[in-house]
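From just these sequences and the hints, can you work out the full model?
Single-letter residue listing:
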Amino acid sequence: MEDKRPLAFDDLPVGEEYADEYVLTPELARDYAEGVADLNPWYLEHSPFGGPVANPILIVAQHARLFKTKYVTAGNVHTRHETQFLNPARIGKLIKVSGKLVDKYVKRGREYLVMECRSVDEDGVEICRDRRTIIIRYARRPE
Amino acid sequence: MPIAAEELAVGQEIAPAVKRMTLEQMSRPLMAGGNPIHYDPAFAEKAGLPAPIATGVMSSAFLSEMLTNAFGVEWIRGGSMDVKFIRPIYAGDTVTARGRITGKSETSTGVRITLEIWCDTQRGEPVTVGTASVVVH
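Chains G and H, in that order, give the protein sequences.
When we follow my numbering, the leftmost residue of the first sequence carries the number 544, and every step to the right adds one.
When we follow my numbering, the leftmost residue of the second sequence carries the number 271, and every step to the right adds one.
Honestly, the hints are just simulated from the structure, not real lab data.
As the structure is a prediction and not an experimental result, all values here were calculated from the model.
Errors might be hidden in some of the hints.
[What the hints assert, rightly or not] Simulated crosslink set (DSSO-like; lysine-lysine; CA at most 27 Å straight-line):
| no. | chain 1 | residue 1 | chain 2 | residue 2 |
| --- | --- | --- | --- | --- |
| 1 | H | Lys-354 | G | Lys-647 |
| 2 | H | Lys-374 | G | Lys-650 |
| 3 | G | Lys-613 | G | Lys-636 |
| 4 | H | Lys-354 | G | Lys-643 |
| 5 | G | Lys-650 | G | Lys-611 |
| 6 | H | Lys-354 | H | Lys-374 |
| 7 | G | Lys-547 | H | Lys-316 |
| 8 | G | Lys-639 | G | Lys-613 |
| 9 | G | Lys-647 | G | Lys-613 |
| 10 | H | Lys-316 | G | Lys-650 |
| 11 | H | Lys-316 | H | Lys-354 |
| 12 | G | Lys-643 | G | Lys-611 |
| 13 | G | Lys-643 | G | Lys-613 |
| 14 | H | Lys-374 | G | Lys-613 |
| 15 | H | Lys-316 | G | Lys-639 |
| 16 | G | Lys-611 | H | Lys-374 |
| 17 | H | Lys-354 | G | Lys-611 |
| 18 | G | Lys-647 | H | Lys-316 |
| 19 | G | Lys-547 | G | Lys-643 |
| 20 | H | Lys-354 | G | Lys-613 |
What follows is the structure, encoded as structure tokens:
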């Protein structure tokens, strides 16, 4: 198993790709629903799509796991996301997540990373596309 | 019930979603993702913050809840949002997700509604700002 390295701005190659997967279990859906206090029955019991589906932001939030497939992360802060929701994510499906580091820059002393991500279910149904920006740490980089 | 396109007008605000942020919510493993900046006061202080901050995406969830209430299945199957997290949200904050319609145009599949969306707190300042778009059939 490859050892994970600390997330270091200067060492990160733009173009690096990431992949992960997880099962969208009812327990995960409930945990998220309780965490954001949104107990819409669509996410827990039934929906107009024919069964329970995930809160769409749960799928976006799971994109944060991509950096963790290669790096030890702590203290990063999400600053922006541009997201298209394409299809509902059905509870019980395996969700495959992929992403690519498309840009990095320093602005006002903070180190920014931009990643493009997508989530697709086990049947090949695309759930969402997302472009997310994070700063590696809140504290500013020394001059 | 989702709002019908003919009931929507530019300048109109949709029904807000009001939420109380708690440290219990912020520190759940699924929310915090193991990142101590969301639950550890000592780590937050070392990072230059007065207290742990909520993940920005929690405010996205509040905005999405508001948009799901307004637009139903069309939001989940075709909505889009672009949001920036511009100020921290702390435990104890009351966060209100709001949206105002900025455009309405016919497309081949329905009526595209564009909105300015934001979250503010009891301090009276926006913490999350952005735009959203959804086609209502």
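Legend entry - In rising order, the numbers of the hints this structure does not comply with: The structure conflicts with hints 2, 14, 15 and 16, although it agrees with all the remaining ones.
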